[in-house]
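Undergrad: Given chain A's structure and the hints, the job is docking chain B onto it.
Number of protein chains: 2
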Amino acid sequence: MKPKKTVVLLSGGMDSATLLYQCKAEGQEVRALAFNYGQRHLRELEAAKDLAGALQVQLAIMDLTDLARILPGNALTDKKVNLPIGHYAEDAMKATVVPNRNMIFVSIALAHAISLGYDAVGYAAQTGEAGDGQSLYHDCRPVFVHSLASLATICDEHKVELDCPFLCLTKAQIIHLGNDLKVPFAKTWSCYYAGGDKHCGRCGTCVKRQHGFLAAGLSDSTEYEDKEFAFRAFNIK
Amino acid sequence: MKPKKTVVLLSGGMDSATLLYQCKAEGQEVRALAFNYGQRHLRELEAAKDLAGALQVQLAIMDLTDLARILPGNALTDKKVNLPIGHYAEDAMKATVVPNRNMIFVSIALAHAISLGYDAVGYAAQTGEAGDGQSLYHDCRPVFVHSLASLATICDEHKVELDCPFLCLTKAQIIHLGNDLKVPFAKTWSCYYAGGDKHCGRCGTCVKRQHGFLAAGLSDSTEYEDKEFAFRAFNIK
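Keeping their order, the protein sequence lines are chains A and B.
Following this note's numbering, the numbering of the first sequence begins with 1331 at its first residue and continues without gaps.
Following this note's numbering, the numbering of the second sequence begins with 1331 at its first residue and continues without gaps.
Pulled out of the complex, with its shape left as it was, chain A reads as follows:
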């Protein structure tokens, strides 16, 4: 039997890295796709390159930088908007929503997969902790992702599946899975700040990363500028 061929949407973060490793572990033929969309944390693309390189997976990085120009007002691509610190559950975090970002990424990935004659797009959407589907990021909610997956099957003569195996996992479950798959988490990048070589430790995604390792009961080898904030601010000892 021919191996399944999958284009994995690779952000450089922990979830998509784990998906990349999982597809490879299953013996799939894998390519990766990432986007330069004018995000502050361009550093994540270096992580994507490292991760793809480690598995000898061909990575395409598409230039979508002009997207930032037509999507003013969000903190990830508009430098005039302050990046909030704290937990995703907080209202201030809405500023980090790049509207409809993942639908844009998935639709381009589907096109890429169709062009290549591939079978699937792997999308590491995770709504886990917000188990009621009330995730801040609407494009990570199950109802949205399931609809997107049905749309994927009818957008072209060549059928492509949208695989979202992590949709209902918690961050801790993904970290466990990645740990089993020997994902080099130290090579992944979560932090929204452009920053240097260290994660800030204070933005929404840094907080989630630290809480994830804690919940998984695994040690976190990530270097944070502020190692205490994520726990102190939420009264975690």
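No wet-lab data here; the hints were simulated from the structure.
Warning: the hint list may mix true and false statements.
One copy or two, it doesn't matter: identical chains are merged, so the pair holds either way.
Calculated lysine-lysine pairs in the DSBU-like style (CA-CA distance at most 35 angstroms, straight line) [what the hints assert, rightly or not]: (1) K1410 with K1379; (2) K1334 with K1424; (3) K1379 with K1409; (4) K1335 with K1557; (5) K1528 with K1332; (6) K1379 with K1557; (7) K1424 with K1517.
TA: Coordinates of chain B only, in the frame set by chain A:
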């Protein structure tokens, strides 16, 4: 009552031009969005500028040129693939399918509309003649467009409608509507060839344009390099 605010996806062709004029005629607050996606017929963007300019509508042209690089093998963006001539119903026309193109455009237009706080995206998809939904372009089929429209309403906290008023109209019906709205069809551009100032008259979209005017019983002021092909090739006298 405040006017409805709509971002119209403007290709520079007849259908989207008619939609732009219709939204303006209804008193809506309108912006337009077009894409440079490395298409051969970049000339259509000049048409989009002319049309938006004539109505004093603000037009954003987003640079998506890098899309062509990751979507090899289609005749619209890959110069190595020959552009077929003839009727859309012919098998050779499959080469003109840019996979999932319209889902990409719509998803970006939704993001743009959400960023602006707009109410709707206007999308002039038309499956008309292929009334059974068997259009060559899967992303113009009713089942696809309806699913996309439901997805649009749940992709963000700010709800945006996807308006596709022409979905089940024939080309001739759109031309009639445009004629009533005084759309300057001579300013619109359909031809897939990069060409000069004239439409080629032989590619799929030129043939459809000519057959549309014929079926509408209206005179076609478009200048074609080859005025006869569309009729001779299909035994129309």
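Undergrad: Next, verify each hint and record whether it holds.
TA: Now for the hints, and whether the structure bears them out:
For the identical chains of this complex, K1410 and K1379 are neighbours both inside a copy (28 angstroms) and across copies (29 angstroms), given an alpha-carbon limit of 35 angstroms. In this assembly of identical chains, K1334 and K1424 lie within 35 angstroms of each other by CA distance solely across copies; the values are 25 angstroms between and 37 angstroms within a copy. With identical chains, the CA atoms of K1379 and K1409 are at most 35 angstroms apart both within one copy (25 angstroms) and between copies (29 angstroms). Within a single copy, K1335 and K1557 get their C-alpha atoms no closer than 40 angstroms, and across copies no closer than 46 angstroms, so neither meets the 35 angstroms cut-off.
For the identical chains of this complex, K1528 and K1332 are neighbours neither inside a copy (41 angstroms) nor across copies (49 angstroms), given an alpha-carbon limit of 35 angstroms. In the homo-oligomer, the alpha carbons of K1379 and K1557 lie at most 35 angstroms apart inside one protomer (26 angstroms), although the nearest pairing across protomers, at 52 angstroms, exceeds that limit. In the homo-oligomer, the alpha carbons of K1424 and K1517 lie at most 35 angstroms apart inside one protomer (27 angstroms), although the nearest pairing across protomers, at 42 angstroms, exceeds that limit.
Figure legend: structure checked against the earlier numbered hints; hints not met, in rising order: 4, 5.
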